[in-house]
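Residue numbers (our numbering), protein chains in the order written: chain U, 1 to 340; chain A, 1 to 340; chain Y, 1 to 340; chain S, 1 to 340.
I should point out that these hints are in silico values taken from the structure, not numbers from a laboratory.
Backbone N, C-alpha and C fix where the C-beta goes; we use that ideal spot for every residue, glycine too.
Mixed in with the good hints, there may be bad ones.
[As the list claims (entries may be wrong)] So these bits of chain U aren't anywhere near chain Y, every CB distance computed over 10 Å: (1) A15; (2) R36; (3) A49; (4) S138; (5) Q218; (6) S229; (7) E246; (8) L253; (9) K262; (10) L286; (11) R321.
[Claimed, not checked] Per label pair, the in silico range of CB-to-CB distance: (12) R202/S - R32/U: 36 to 46 Å; (13) E77/U - M65/S: 31 to 41 Å; (14) M65/S - E110/Y: 30 to 40 Å; (15) M65/S - F142/Y: 43 to 53 Å.
Number of protein chains: 4
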Amino acid sequence: MIVVMKAHATDDEVARVISSVRDLGYDPRMIRGVERTVIAVVGDERGKAVKLSNLESLPGVESIMPVLKPYKLASREGHPETSQIRVGEGVVVGGRRLAIMAGPCSVESEAQLMETARSVKAAGANILRGGAFKPRTSPYSFQGLEYEGLALLDRARKETGMPVITEVLNPQDIEAVAEHADILQVGARNAQNFGLLKALGRQRKPVFLKRGMSMTIQEFLMAAEYVMSEGNPNVILCERGIRTFETATRNTLDLGAVVVLKEQTHLPVIVDPSHATGHWQYVAPLAFAGIAAGADGLMIEVHPRPDQAESDGPQSLKPARFAALMEKLRQFAEVAGRTL
Amino acid sequence: MIVVMKAHATDDEVARVISSVRDLGYDPRMIRGVERTVIAVVGDERGKAVKLSNLESLPGVESIMPVLKPYKLASREGHPETSQIRVGEGVVVGGRRLAIMAGPCSVESEAQLMETARSVKAAGANILRGGAFKPRTSPYSFQGLEYEGLALLDRARKETGMPVITEVLNPQDIEAVAEHADILQVGARNAQNFGLLKALGRQRKPVFLKRGMSMTIQEFLMAAEYVMSEGNPNVILCERGIRTFETATRNTLDLGAVVVLKEQTHLPVIVDPSHATGHWQYVAPLAFAGIAAGADGLMIEVHPRPDQAESDGPQSLKPARFAALMEKLRQFAEVAGRTL
Amino acid sequence: MIVVMKAHATDDEVARVISSVRDLGYDPRMIRGVERTVIAVVGDERGKAVKLSNLESLPGVESIMPVLKPYKLASREGHPETSQIRVGEGVVVGGRRLAIMAGPCSVESEAQLMETARSVKAAGANILRGGAFKPRTSPYSFQGLEYEGLALLDRARKETGMPVITEVLNPQDIEAVAEHADILQVGARNAQNFGLLKALGRQRKPVFLKRGMSMTIQEFLMAAEYVMSEGNPNVILCERGIRTFETATRNTLDLGAVVVLKEQTHLPVIVDPSHATGHWQYVAPLAFAGIAAGADGLMIEVHPRPDQAESDGPQSLKPARFAALMEKLRQFAEVAGRTL
Amino acid sequence: MIVVMKAHATDDEVARVISSVRDLGYDPRMIRGVERTVIAVVGDERGKAVKLSNLESLPGVESIMPVLKPYKLASREGHPETSQIRVGEGVVVGGRRLAIMAGPCSVESEAQLMETARSVKAAGANILRGGAFKPRTSPYSFQGLEYEGLALLDRARKETGMPVITEVLNPQDIEAVAEHADILQVGARNAQNFGLLKALGRQRKPVFLKRGMSMTIQEFLMAAEYVMSEGNPNVILCERGIRTFETATRNTLDLGAVVVLKEQTHLPVIVDPSHATGHWQYVAPLAFAGIAAGADGLMIEVHPRPDQAESDGPQSLKPARFAALMEKLRQFAEVAGRTL
């Protein structure tokens, strides 16, 4: 950490910062520049990041600049290989084969789920998605089939053999959801629900963590660190678009974040072009772009009758369109050095 | 709701939209314009907002434009007077007298809390804030005194007579926190934690809802609607800055949102200049600005020794600076037609 | 355009809106809904968009919703084929063959420019970029070789046969720049410099329009419309990243915008991954992603010695890295149905 | 400037950075930390900021952190008193008396301008605003009366005695506009039109610089530095709202920026609540808030018949409403230690 003093900071002010740094157990190194004095704080700043940031409130201090990244377990520095996360039986996320998670936004009925599951499997998906507990911006919208939905997902897995991913909203539901799901999803709106993250860290099922709508990449990795620091290393990250001023798409897909994440973390990174765009006709080109950028897989919403969906109809692909997407994706995957 | 057809939509496509609108129980009215046909959907669109939005996935449809606001209970339309929310004994939020919530970010010790409580009361604050359960971006940071912190807040209320506001993070903690607190706070990162919001709607203590970092005003009111639709009308809103590209302040305080909220909802609106700016020296002028813009009160972080705080040191005011702020605030409040 | 009346709007207020709509030469159609009355304004709203938006200031009006897109010449509606724009002799932007614009951020010397030009041509680039007039955020930074830079670009074209693109900053420089350049570039900071846009519309050289840092897609197309409405249909659009809260990349590349633009306009769309990311190691994956998303080409910064560059060193590729990028790009282009 | 090396940087990589720093004429100081080596660069980094930033492209370098602010002339550090800028005869911007700039968005006719000018003067405004050259997002909108508008502004000044502020769009118009106007305005869309800024720096009339829609505070001060570095110290800054995800207001007024600017620069700061909100009913409370936050004045749009305005009707106040605002403002100004 670097402490930058104000231009007119007095010697006494500098001395007080130096002594405060020592009191916190760090080694201060003063450098007198032409216009400013800076004090480098030597030592692992992560343990006492908050205490160090308080130095900003001392007289004569202009600003504080952290040098180290605040996350450790999620960092690629000490873990150069991408993590391969086993999901259900026989599927790996983070390997050469892409993880293709497809299915309806919400589980609505047995018929709807089975029809979708069969079709996405036939098209080449290897993981089935489907929401049983739904976080909706309106309390007046469909809130999911809940436990009945979980039971339907069980049946779909049994029939198709695909592992299942579904969202968990509350810490008290984790145990029940984990009994039925192969991957537990944390939605964008819960990405900094730290109680939920910690509780997910205390069980072993893989956690699929969506980036919050206005989360920086660093905060995203800190959310992963929350899960990991409680003992569960199986975290999968998902870029699903961030909130910006642009309204032509539901969110702004940040593929730059995918590239940065692939550099900075060993955790696998999935792209969700359905939530990113909000309109089905934009899903395929951004799915291709996500794989070209280096993502380890995709999450895509598919519904047999989007005009009757209980949620996210406008962004859901019909099965035939999903199959066409997969066919083209196969070629892009190959160029990217991946398989389907 | 207005359905806008594409320029080259066929008669069949228009007919299909019209029949879908009828199937959903609404009355369609077609208007043929020069370049576009639009279909107005007459009826309360809130009940079936999602189903109506699915019309977008029909062939020939360009876009869907909602006409009604999606919230009802929070709207000022049917409730023209600002809600006056009783807090503890004798304090009202939303009346002529401003609600001034002050205290430390985290409850750290009895001495720290009592010293702060006495000083903010002496300066004119009427509600004591203090965090017992802390949502921290790093799992390695201090996570709060938890239940011990709640007990200390009890003692501070007993001694000072001030009602107490503290944050609740998880649905399973609500009952315990509600026993000790007069107002239950939902933090910005939980502003769309719908499980928490619903659970808070099923108890009666007032709920203090902070705006999420990238929440629109409409989404903010929908979060309030979640609490209210479960039976608890006592919601207090808090503008605490949104996330933008600007980094000189921790967040960007959106006082325009305060003005819009005062127009659109009957719920009281509080401004938090401490979190909005992240630096103590910017707190006072934005506190004054908040009251001048029409807010019903302030939430301000005060700590006797900011350089030793466990959280938010750089944005905490020392007691003497808080007292000076309050003295000046008294004059702005009077011009704004309010009292302290 | 749709005028939405307030819930409690009186009959007189509705009548006044209707008569104002008629005064403006439009045909008003009133629809009385359950909670709101709306008035559809039939006629081409583009001619009098401002006057129509003034209806918002009439008593009883809640809001105004435009139905038509405000641009016409740039729209794909009346022009379904992508425009093919001839550049210099023998190069077309918007056709099956991708436009690859590569070269240094700034023209710094004859040696630097020639070395770069030869290397990018050998790697497969078909257009040479190089800045002679430089818009710099600091007045103390290198401002470009100006006219001397233009002369060097001429020489590079002569030697390599590649057409040349360079930026123009001021209307009074257009004539001189157009003498030397095959494409005139408008930078992100000038994307709404309407005087410059109009002047560029009054000459015939193709205009390369970068999206402004916080420009919506619709505003971007309106900027193109400015050039086109003055008589120059040869506009090429460039997505180069927008400004968001994320700081790990210099800007946030919005490939969703590329997909939306390809749907809504016939103008060719180029992606600039260099400015979008600000770091050379992120350029290649986002170049691939851009082509996978459907872009018509790329703009990429190349410099033989990035650590000595006068501008944008950290985001410039060395020639060998650019060559490697091109080799891989060839495969992605093929899958995307394009050639290099 | 601080150079942060990667965790596994080799000694050779460190040595190369150190020698590059020396080659640039700076004094490198190496600090070996627990996980990282950092190299402090001692010397005034502003002269060679770009060359120093290129160090990022050397092998083993993780990032570069500037220590000094990039602006000098605009900084309060060397100029502790707020600049008092004389405008016309007898008006000062930046003194105890607030600068109240009011008038129509566009000059439309002699009658409209004179009626507005008289009414705002009677209400207490001391500077008349009015656009003659108009930057419009649509080429099909009214573009201003141009030179005829300037002549009308002259007549309004003659009659009312108020100095006049009007916008200049192109460098070639500066001389003509400066003959008629007392303050030359640069609009938000031209805030980084460096050619215009430099040309304005070469004349002496005060320059009113609006913050660009997605400009950081630091970039805003660099734009001021552009004008000042050419010789004109008379720059007035204007916060007019930034672009965010919120759409309930036209822009998001950033009063935190006003507070930061008042700390970091000696230049006067004006708030424009009309453009910030886009709706007349939100203007007054944000005008009060702006003054409470410490602004040196306001810019407010007034039009006698907003429903017939050629631009910005919905955000224009009628004269009587402006007079009511001023009456209340007088009280807020007094508490803020200012006069009208």
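>> Within 43 to 53 Å: is that where the Cβ-Cβ distance between M65/S and F142/Y falls?
In response: With Cβ atoms ~22 Å apart, the hint is violated.
> Against chain Y, does A49/U keep a CB gap of more than 10 Å to every residue?
Replying inline: Nearest chain Y Cβ is 18 Å from A49/U, so the label holds.
> How does the Cβ-Cβ distance of R202/S and R32/U compare with 36 to 46 Å: does it lie in that range?
Replying inline: 38 Å, holds
> Is R36/U truly not at the interface, in the sense that its beta carbon sits beyond 10 Å from all beta carbons of chain Y?
Replying inline: 18 Å, holds
>> Would the non-interface assignment of K262/U survive a Cβ cutoff of 10 Å against chain Y?
In response: 8 Å, violated
>> If I take the minimum Cβ distance from R321/U to any residue of chain Y, is it greater than 10 Å?
In response: R321/U is indeed farther than 10 Å from all Cβ atoms of chain Y, at 15 Å.
>> Minimum C-beta separation from Q218/U to chain Y exceeding 10 Å: can you confirm that?
In response: 7 Å, violated
> Since S138/U was said not to touch the interface, does its Cβ keep a gap of more than 10 Å from each Cβ of chain Y?
Replying inline: 17 Å, holds
>> 31 to 41 Å was suggested as the range; check whether the CB atoms of E77/U and M65/S agree with it.
In response: 19 Å, violated
> So the hint says 30 to 40 Å: do the beta-carbon atoms of M65/S and E110/Y match that?
Replying inline: 35 Å, holds
> Does L253/U really sit off the interface, with its C-beta more than 10 Å from all C-beta atoms of chain Y?
Replying inline: 5 Å, violated
>> According to the definition I'm using, a residue is off the interface if its beta carbon is farther than 10 Å from all beta carbons of the partner; does E246/U meet that for chain Y?
In response: 6 Å, violated
The structure is inconsistent with the numbered hints 5, 7, 8, 9, 10, 13, 15, although it conforms to all the rest.
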